[in-house]
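So you can see what is in the structure, the chains are spelled out below.
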Amino acid sequence: MPPIARRALLAAPLLALPGRGQAQGQPPLVLSTIAMIGEPARRLGGAAIRAETLLGEGVDPHLYRPTRADLARLLRADLVLHHGLGLEGRLREAIERAAAAGRAALAVGESIPREMLIFPEGPNSPPDPHVWMDPALWGIAADAIAARIAALRPAASASVNDNLAAFRAEAAALDAYARRVLGSIPPERRVLVTAHDAFGYLGRRYGLEVQGIEGISTESEAGVQRIRDLVELLVARRIPAVFAETSVAERNVRALIEGAAARGHRVVLGGSLFSDAMGAPGTYEGTWIGMLDHNVTTIARALGGEAPRRGFQGRLSA
Amino acid sequence: MWEALAFRAGHNAAVVALGCIVFGLAAGAVGCFVLLRGRALIADAAAHATLPGIAAAFLLALPLGLDPRALPWLLAGGAVTALLGVVAAHALASSGRVKDDAAIAVALSAFFGLGAVLLSVVQALPVAGQAGLSGLLLGRAAGMTAADAATMAAVAGIALGLLLLLRRPLAALLFDPLQARLAGLPAGALDAALLGLMLLVVLAGLPAVGLVLVVALLIVPAAAARLLVVRLPAMVALSAAFGAGASHLGVALSASAPGLPTGATIVLVALAGFLLALLLSPRRGLIAAFRRQAALMAAARAAAR
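Chain order of the listed sequences is A and B.
So the mapping is simple: my numbering equals the position in the first sequence, first residue as 1, plus 51.
So the mapping is simple: my numbering equals the position in the second sequence, first residue as 1, plus 630.
The hints are simulated quantities; they were obtained by calculation from the structure and are not laboratory data.
Note that beta-carbon positions come from the ideal geometry of N, C-alpha and C, so glycine has one too.
A few of these clues could be false.
Ranges of calculated distance between the beta carbons of each label pair, as one might list FRET restraints [claimed, not checked]: (1) B/Leu862 with A/Arg141: 27 to 35 Å; (2) A/Gly76 with B/Val728: 53 to 61 Å; (3) B/Val728 with A/Arg101: 50 to 58 Å; (4) A/Glu144 with B/Pro816: 51 to 59 Å; (5) B/Ser739 with A/Ser368: 44 to 52 Å.
Work the whole structure out from these sequences, hints included.
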């Protein structure tokens, strides 16, 4: 069957029920692909929307393959908030299908001006999608999310604006905290070695050198040489800690620790960082602010900086 | 490159190299028997049939309170479904309703398909990314720890040891099944033992080259050795050396150039060796065949004159 016909068939029964939630007096359904978008959207929209997230705790968006049920959920949403910038490798087609079926969609990451993005392999290569690591950039994304929610529920736009102001104030406080605690790391130790290359924006904003074992996407495989070069770096610069990520296998990180130990340099696992997925919904680490607070606090403490154990609001689980 | 070949490119490269060399040795030796017994396709089916077992072991580990990332546990799960896959293919073929190759293809795709479905369930779980199951598809040798390499070498070593014990009856099974039966050798049990050895090698190779490519190291060195020598002991020795050498060279290349995935590099090195054997083999090589033909033509022309 040609793709157009198949798409029409798939969409037809669902098209008959546009905005079913709204018609029944329920608030509109705003479906986000990743929790880094979904949690701020829930906070900004408040009671004016029903906020849901497709990918749960610890799920890797680079590799995730959508199921038919996911497609059905996308086709039922009144607004789809996805990240774009090449993050959702295999979800993209399903999102395009939802958009072709008339669902409103916003690529949140792409609302950030191009000149602020990092293009790791030159200006014509795909950008690094992990922009939520920089509170200033993610604030711009929050503006775009708030604008779309206000457009969806004009009656609630005043409360959405209040929520946005509170959100940006908290993000600014987090930003100042991060600058302070990461700045307290001795300069020669400001090197962040992680399982994959997800911390480029964090590094740029706070002056950390960032080295991922795997590339920007977890789909790339690290070769033996990459492991070898990183062990060399750890030993030469006497870096005390490396970091695992909650959504990536920590085998490679363990291999680094072993390699450095064989050279007589003790490296510890500094902790698990949230990179492409955040903590359990309902916990502080399950919010975007909490996720960054956890990362910044963990990195600062493991690399020899000064940071309170429970983060800038005293809310991290210890 | 040279320092990697001499195991002086650091702890990690040495660990990966040693694990892969023991695997290559076992794969090359066992591969000869698999090839000569006509079991190459079954080996591929068994490799693909490990996928649902790996995914199921991961899913079962959670309620059982085990560590779902532990390599031995995942490999044990893979062994169970690989065995089921081989038995299914065998039962289907011996029912006489489908041909052998079709039966193997059905078993391979059924088990691999089931594995893909289970992986789709696994990916939505919180700990899924941590397990790195996708690394077992195409192999992820570079990040191997000493414990992983030891697991791999132990499994491959067991296969190698068992092969040494069983070499005489297995050889009899290959070359003279009738004589073997007359001598009272249980052909069915020997065939099963050969399948078991093959399974061990497949499991040992999963972390390094992955389940899609593991069959290459079982078959390619054996096929190359077959082109070069005639007698079985020489073939087994050559094939084992070839498998180990390709693994060693593949790891060394991957340690010396950026962005070369270890498993695929090993397979490509083995294939390059096979092509050389295909060209240069004194009896069965393409160049030798061409020269024989040229000599025949010259003789024919001389006779016509």
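Against the structure, the hints:
1. For the pair B/Leu862 and A/Arg141, the beta carbons lie near 48 Å from each other, so the given range of 27 to 35 Å is not met.
2. Distance hint check for A/Gly76 and B/Val728: the Cβ-Cβ separation is about 59 Å, which falls inside the suggested range of 53 to 61 Å.
3. B/Val728 and A/Arg101 have their C-beta atoms about 52 Å apart, which keeps the hinted 50 to 58 Å range intact.
4. For A/Glu144 and B/Pro816, the Cβ-Cβ distance of about 54 Å falls inside the hinted range of 51 to 59 Å, so the restraint holds.
5. The hinted window of 44 to 52 Å between B/Ser739 and A/Ser368 holds, with their beta carbons roughly 46 Å apart.
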